[in-house]
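Heads up, the sequence shown is in this note's numbering, so the first residue is 1129 and it goes up one at a time.
Don't read these hints as lab results, they were simulated from the structure. It should be emphasised that the depicted structure is a prediction, and the values quoted were computed from it without experimental measurement. Be aware that a few hints might be false.
[To be verified] Pairs of lysine-lysine, PhoX-like flavour, derived with a Cα cap of 20 Å:
#	residue 1	residue 2
1	1389	1273
2	1269	1389
3	1269	1279
4	1279	1389
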Amino acid sequence: MNSDAGDAGTAGGTEGTSEPEPVVLYDEVDTVAFITLNRPERMNTLTEAVIAGVADGIDRATASRNVRSIVLRGNGPTLTAGYDLNPGGGTPTASGQTSSGGAHDELYDSWGSPYSAPGPKPREGAWDPVRDWQFMGHNVKRFMKIWECPKPVLGQIHGWAIGGATDMILCCDLLFMASDAHIGYAPSRIYGTPTTMMWVYRLGLEHAKQFLLSGDAIDADTAHRIGLVAYVYPPDELGERVEAFARRLAHIPANQLALNKLLINQAYENMGLRTSQLLGTFFDGVTRHTEEAYRWAESFETKGFRQVIAERDAPHGDYGERPR
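Please put together the full structure from these sequences, using the hints given.
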């Protein structure tokens, strides 16, 4: 896909160098800005660089006078499989990164945590809930740039959008989904709660409980029926359909789009969205530091990453364990 390499604020070089390609690509085509996750070899899993790249892309598109709407999408077979829980083997840490244990300062520093208050060095296995809340809250703030952007942001879902992917993509204004795609918050089963907590505001009580208590994967037809996504298209038409909708928005004054988006958003802000996000982010840290979570994370080293995930999903018959 087209890109403006390196300008989304991610690590990486440009074409013609030995540096790796950026993990987030930014491109403007006429009135549409495209922000593209670009780790297809890792299913576009979320890292510090990816989240920073998305946030920087939103900032750049917001500042561009030519851009009237934004499309958030992914390269490769899937939008994103969520946080990268196993980037280099080992045991997942609180952030979803892996560690041999005890390197808490390195953990938080690697995730761009803004919290650096003085204190003693944490003992082995200790959890600082405030520091955890700060670094995950930093991710939430960057995801919420999508929500706060005065320009419409269209989310393009193909393949899978799992776990932390939903914290990001559900911040978009409208969601377009491939007919063979799936979305879901699998960490509801263990090791997470939604941090941006858009589920309840997009779905309402019954369906939010249906899919957050179970963690069940949601197919495109169901997502459309329950109002989670606006449009469903065949996979080979999805990109074209999203871009056509985005281009149509250029015929509406930018200030009109901004005011209508703000009007709708403030209604949900008044319903306690920010308080739900505070609790969701804090509870996410709690769920990663229960005895069950510790043992689950430790089993990555004894059983292997794929086996542990398979055991999580096998009773439900979905995600990687769905019938072929």
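Agreement of residue 1279 and residue 1389 with the hint, judged by alpha carbon distance not exceeding 20 Å
holds, 8 Å
Quickly compare the C-alpha distance for residue 1269 and residue 1279 to 20 Å and report which way the hint goes.
holds, 17 Å
Given the proposed pairing of residue 1389 with residue 1273, does the C-alpha separation stay at or below 20 Å?
holds, 13 Å
Would the pair residue 1269 and residue 1389 pass a check requiring their Cα atoms to be no farther apart than 20 Å?
Holds: residue 1269 and residue 1389 sit about 18 Å apart, inside 20 Å.
In summary, this structure violates none of the numbered hints.
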